[in-house]
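Engineer: Sequence:
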Amino acid sequence: MSGTSRRGFKRQKALEILTRLKRLYPDAICSLKYDTPVQLLVATILSAQCTDERVNKVTPALFDRFPDAAALAGADISEIETLVRSTGFYRNKAKNIQGACRAIVEKFGGQVPKQMEQLLELPGVARKTANVVLAHAYGINAGVTVDTHVKRLSYRLGLTSQTNPVKVERDLMPLLPQEDWENWSIRLIYHGRAVCAARKPACDRCILADLCPSVDRTVS
DNA sequence: ATCCCGAGGG
DNA sequence: CCCTCTGGAT
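The first sequence begins at 1 in UniProt numbering and counts up by one.
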């Protein structure tokens, strides 16, 4: 089989997966709470190795105390640390939040930049965070958000053989229409939480089981 | 013990 | 590639 038709097969499969997941999760949206692009950026930095539910428990108090980039840039770092502590990695996260906000104030007029390259200059921001902010704050589909769920499900479904998230993203982008890139990530995240869990995937009630090479077909 | 919408450094 | 950063939930 040629590389072109193998990709065609995977593309067909990816589109079928997306169609089914759109039906299963018709109202899937970004589950982080925020009012502004800066707040979404901060919430996304906090979401590293942490559930969104936990992030949403700390951000109301954080944004009440420090509502924008200027406030976070001028904050006492230890106060940020205290407010975000329960999300884990709290010293790095506080430092990155403040560092990113200072750069936003000094270089970008207090607004989150809309260019991928500029976002990647911010401390604590790599492609995953940049993709989330661009897609949900600005409606810009610069890439495919690859978090732990998107990586795991894309691998299990046989759409990538990579484990490095940047390589997973490169494999996924040509398989999906650009306008569906964030739809893909959001639905896979929902499905990863509800069905295709890391430890005990519920293959017996998965609507993608017939398409999935990783499904446990053994009968007990 | 393992995982959660990661990123940076070696 | 590897390791570290960190707390909470299961």
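Misleading hints may appear alongside valid ones.
Calculated lysine-lysine pairs in the DSS-like style (CA-CA distance at most 25 Å, straight line) [said to hold, decoys possible]:
(1) K167 <-> K13
(2) K13 <-> K200
(3) K22 <-> K10
(4) K114 <-> K95
(5) K33 <-> K57
(6) K57 <-> K13
(7) K114 <-> K167
(8) K10 <-> K114
Calculated directly from the structure, the hints in this document are not laboratory data.
Engineer: Run every hint past the structure and note whether it holds.
Structural biologist: Status of each hint after checking the structure:
1. With a CA separation close to 19 Å, the supplied pair K167 and K13 stays within the 25 Å bound.
2. A hinted pair counts as satisfied when its Cα atoms are at most 25 Å apart, and K13 with K200 qualifies at roughly 24 Å.
3. The straight-line distance between the Cα atoms of K22 and K10 is roughly 18 Å, inside the 25 Å bound, and the hint therefore holds.
4. For a cut-off of 25 Å, the pair hint linking K114 to K95 stands: about 22 Å separates their Cα positions.
5. Between K33 and K57, the direct Cα distance comes to roughly 9 Å. Compliance with the 25 Å bound is thereby established for this hinted pair.
6. Restraint check for K57 and K13: not satisfied, since their Cα atoms lie roughly 37 Å apart, outside the 25 Å limit.
7. Only pairs whose Cα atoms come within 25 Å are accepted, and K114 paired with K167 is accepted, the gap being roughly 23 Å.
8. A C-alpha spacing of about 31 Å is found between K10 and K114, which places the hinted pair above 25 Å, so the restraint is violated.
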